[in-house]
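Chains as they are written, first to last, in numbering that gives the first Met the number 0: chain A, 0 to 191; chain B, 0 to 191.
Be aware that a few hints might be false.
A pair holds if it fits inside one copy or across any two, identical chains being indistinguishable in the list.
Only pairs whose alpha carbons sit at most 25 Å apart, straight line, appear in this in silico SDA-like list of lysine to any residue [claimed, not checked]:
| id | residue 1 | residue 2 |
| --- | --- | --- |
| 1 | 159 | 186 |
| 2 | 159 | 11 |
| 3 | 159 | 137 |
| 4 | 161 | 101 |
| 5 | 159 | 189 |
| 6 | 161 | 151 |
| 7 | 161 | 106 |
| 8 | 161 | 186 |
| 9 | 159 | 191 |
For the record, the hints were derived by calculation from the structure and aren't laboratory data.
Note that the structure is a prediction, hence the values are computed from the model and not measured.
There are 2 protein chains.
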Amino acid sequence: MDTPRPPAVAIALPDWVDEVVDWERAYATDEDKMRLAIALSRENVARGAGGPFGAAVFEEATGRVVAVGVNSVVRLNNCTLHAEMMAFQLAQARVGAFSLAGEGMPVHTLATSCDPCAMCLGATLWSGVRRVLCGATRDDAMLLRFDEGPVFASSWAYLKRKGLEIRHGLLRDEAVAVFDLYRALGGAIYNG
Amino acid sequence: MDTPRPPAVAIALPDWVDEVVDWERAYATDEDKMRLAIALSRENVARGAGGPFGAAVFEEATGRVVAVGVNSVVRLNNCTLHAEMMAFQLAQARVGAFSLAGEGMPVHTLATSCDPCAMCLGATLWSGVRRVLCGATRDDAMLLRFDEGPVFASSWAYLKRKGLEIRHGLLRDEAVAVFDLYRALGGAIYNG
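The following block holds chain A by itself, in its conformation from the complex (with noise of 0.2 Å):
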């Protein structure tokens, strides 16, 4: 407490995601995309540097990578730095607008490898994104440990309402094995 007013934050990813991520590929199929956001999550627990949680916002038709998150909670001492929250900061700042549903923008899809918790599902209605896909399920992080807040299944039905078409479930397993290499390194429970 000794400045008058709080330092800016700085929202970066780590140098590594870009061994993960191929950002002239053509992540074509639903699948392609959830593997990226599970390869991210994987990385992440890997090196240590956050929760088991990537997540990544892709133009729908041309399959190209906007942008990608990693969870960087503890990382970047920020309670709002989920992967999802990081992925459509980053591609916002990429496209130069606040939304990515703006007048003439194609559709993006979100790929999460991990169904949003209450704060992400709000984030999800703002950041104009039209599909999300994701991979394990809030039952799945709760077994983790980890609190996924206020969501009902009346949330999802109100993004279904404005038009967000939802996935739910895909490539559980595999995002699922993240979690328990997450558990089985002792990675820390940030939020239980």
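With chain A held as given, fit chain B onto it using these hints.
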């Protein structure tokens, strides 16, 4: 789409917040705290800096301001930068921890000029604040045509079960007056 990796994102307050916040003052009462949140919302509108929403995080016992936030969605092209989200992140940067409820920390209180949206409600849970003071209501914001996302009575009940103390409608009329100013000035509804 011309760089392989999106740039880092920087989250910083406008310089004028130092004209609104007294970093040395003890904001003793709930009303003192709320008046600061509302003053930030008002100045954000008057300066054309963003939506009519302000927030501040305090040490409950001393009344000292740890960090503040103003809606910065349009200014920083970032859908996640609601006032509460800025305040949480800047507070955590200042204390150097990903939770404001860490071992040995004092109780922290959030004052926000409007009921949190779905995203901010989730982040409130992760932030570690133990008390939440809200000014204008969700219905007030929706009358202004802002979408607030999936927040239900059960969402608030979830936070209360986790031990958070919550007050709604504190100085509501003063908070709503800022919404009226925003409408009169033709402010953008960025997520309607």
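Outcome of the hint check:
Taking the shortest alpha-carbon separations for residue 159 and residue 186, neither the intra-copy value of 34 Å nor the inter-copy value of 28 Å comes in at or below 25 Å. Taking the shortest Cα distances, residue 159 and residue 11 never come within 25 Å of each other, neither inside one copy (31 Å) nor across copies (33 Å). For a Cα distance limit of 25 Å, the shortest separation of residue 159 from residue 137 qualifies both inside one copy, at 18 Å, and across copies, at 21 Å. Within a single copy, residue 161 and residue 101 get their C-alpha atoms as close as 15 Å, which meets the 25 Å cut-off; across copies the closest is 37 Å, which misses it.
For the identical chains of this complex, residue 159 and residue 189 are inter-copy neighbours only, at 19 Å across copies versus 30 Å inside a copy, given an alpha-carbon limit of 25 Å. In this assembly of identical chains, residue 161 and residue 151 lie within 25 Å of each other by CA distance both inside one copy and across copies; the values are 16 Å within and 17 Å between. In this assembly of identical chains, the alpha carbons of residue 161 and residue 106 lie at most 25 Å apart only when taken from the same copy (14 Å versus 38 Å across copies). Within a single copy, residue 161 and residue 186 get their C-alpha atoms only as close as 36 Å, which misses the 25 Å cut-off; across copies the closest is 23 Å, which meets it.
In this assembly of identical chains, the alpha carbons of residue 159 and residue 191 lie at most 25 Å apart only when taken from different copies (16 Å versus 29 Å within one copy).
This entry does not satisfy hints 1 and 2, going by the numbered hints stated previously.
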